[in-house]
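**Q** These are the residues of each chain, in order.
Protein chains: 2
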Amino acid sequence: MTEPKFTGGLVPVVVVDAGSREVLMVAYADREALDLTRETGFAHYYSRSRKKIWKKGEESGHLQRVLRILVDCDEDTLLYEVEQEGVACHTGHRSCFYRTLDGEEISPRVLDPDEIYGKGGQKG
Amino acid sequence: MTEPKFTGGLVPVVVVDAGSREVLMVAYADREALDLTRETGFAHYYSRSRKKIWKKGEESGHLQRVLRILVDCDEDTLLYEVEQEGVACHTGHRSCFYRTLDGEEISPRVLDPDEIYGKGGQKG
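Quick note, the sequences are listed as chains A and B, same order. Per numbering that gives the first Met the number 0: the first sequence ends with 123, consecutive numbering throughout. Per numbering that gives the first Met the number 0: the second sequence ends with 123, consecutive numbering throughout.
Be a bit skeptical, because a hint or two may be false.
Unchecked claim - As a list, the in silico BS3-like pairs of lysine-lysine whose alpha-carbon atoms are at most 27 Å apart:
{"#": "1", "chain 1": "B", "residue 1": "Lys4", "chain 2": "A", "residue 2": "Lys4"}
{"#": "2", "chain 1": "B", "residue 1": "Lys54", "chain 2": "A", "residue 2": "Lys4"}
{"#": "3", "chain 1": "B", "residue 1": "Lys4", "chain 2": "A", "residue 2": "Lys50"}
{"#": "4", "chain 1": "A", "residue 1": "Lys51", "chain 2": "A", "residue 2": "Lys4"}
{"#": "5", "chain 1": "A", "residue 1": "Lys50", "chain 2": "A", "residue 2": "Lys4"}
{"#": "6", "chain 1": "A", "residue 1": "Lys54", "chain 2": "B", "residue 2": "Lys4"}
{"#": "7", "chain 1": "B", "residue 1": "Lys4", "chain 2": "B", "residue 2": "Lys54"}
{"#": "8", "chain 1": "B", "residue 1": "Lys4", "chain 2": "A", "residue 2": "Lys51"}
{"#": "9", "chain 1": "B", "residue 1": "Lys50", "chain 2": "A", "residue 2": "Lys4"}
{"#": "10", "chain 1": "A", "residue 1": "Lys4", "chain 2": "B", "residue 2": "Lys51"}
It is worth saying that the hints were derived from the structure and are not from the lab. A quick note: this is a predicted structure, and the numbers were derived from the prediction, not measured.
With the hints as extra help, turn the sequences into a complete structure.
**A** Spelled out as C-alpha cells, the structure:
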C-alpha cells in the first residue's frame with residue numbers, strides 16, 4: 000500500500016459519487032480515520048472543529064460506502080469513490096459544492112436539514 | 000461574491016474536467032492566485048514547495064481555462080471546472096489520481112513527462 004503523506008497529521012480527501020462522478024465534499028482524514036475507512040468500508044474522517052474521528056452519516060444515516068481509494072501523484076491527497084446514502088451536505092444539498100463563488104445556486108436542496116438531523120442536530 | 004476562508008493564507012482547490020467530470024488534481028490558492036484566476040480565466044495556484052504563485056501550464060503549455068468556480072458549504076474549499084489543455088499531471092497522466100492506494104494503475108500515462116517539460120524540467 001502507498002503510505003499517504005499526512006501534513007500536520009491530516010490528509011485531504013476528495014469524495015466523489017462513484018456513479019455520477021459528482022464531487023460531493025472535501026474532508027480530512029488522519030491515520031486512524033483512514034484505517035477505519037479501509038477496515039469497515041465506510042467513510043470516516045477527522046473533524047478539525049470537533050477534534051475527533053467522525054463516521055460520515057453516524058448522525059444522519061447518510062453513510063458513504065467507499066468503493067475505491069485513489070491517491071494523487073504527490074501522495075498528499077486522497078480520493079474516495081463512494082456510494083452516497085441520501086445527501087452528502089448538511090444543508091440538504093446532494094453535494095457541498097452547490098453554488099458558485101458569485102452566489103448562484105447550481106443544484107437544488109433535496110432535503111430539509113431539520114429532517115436530516117432533527118432541530119438543533121449536528122452535522123454528520 | 001462569497002469570500003472563501005483562507006486557512007493559513009490558502010484555500011484548497013479541487014480541479015474537475017468540465018466535460019468528463021474527472022477530478023484532475025488538487026492544488027492551493029492564495030488570495031492573489033484566486034484573483035489572477037478570475038481576472039485571466041486561467042488557473043493560478045500557490046505552490047507551497049516553491050512558495051510562489053504558479054500559472055498552471057506556464058512551463059508545459061497545459062493550461063487550464065476556468066469555466067466556473069464553485070465554493071463548498073463551509074466556504075473553505077473551492078472547485079474549478081476547467082477545460083484542460085493536454086494533461087493535468089506532471090507524470091503524463093491526464094489526472095493526478097491515476098492509481099489506487101493499493102498501487103493499481105487505473106488510467107494510463109498518455110504523455111512522456113520528458114516531452115512535457117524537457118529533461119530536467121519542472122512541473123507546472
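**Q** None of the hints should be skipped; say for each whether it holds.
**A** Going down the list of hints, with the structure as the test:
1. B:Lys4 to A:Lys4: holds (24 Å)
2. B:Lys54 to A:Lys4: Measuring from Cα to Cα gives roughly 25 Å; hence the hint holds.
3. B:Lys4 to A:Lys50: Distance ~19 Å between Lys4 of chain B and Lys50 of chain A Cα, so the pair holds.
4. A:Lys51 to A:Lys4: With a Cα-Cα distance of about 19 Å, the restraint between Lys51 of chain A and Lys4 of chain A holds, given a limit of 27 Å.
5. A:Lys50 to A:Lys4: Answer holds: Lys50 of chain A to Lys4 of chain A is near 19 Å, not above 27 Å.
6. A:Lys54 to B:Lys4: holds (25 Å)
7. B:Lys4 to B:Lys54: holds (21 Å)
8. B:Lys4 to A:Lys51: This hinted pair holds, its Cα atoms lying about 22 Å apart.
9. B:Lys50 to A:Lys4: holds (19 Å)
10. A:Lys4 to B:Lys51: This hinted pair holds, its Cα atoms lying about 22 Å apart.
In this structure, every one of the numbered hints holds.
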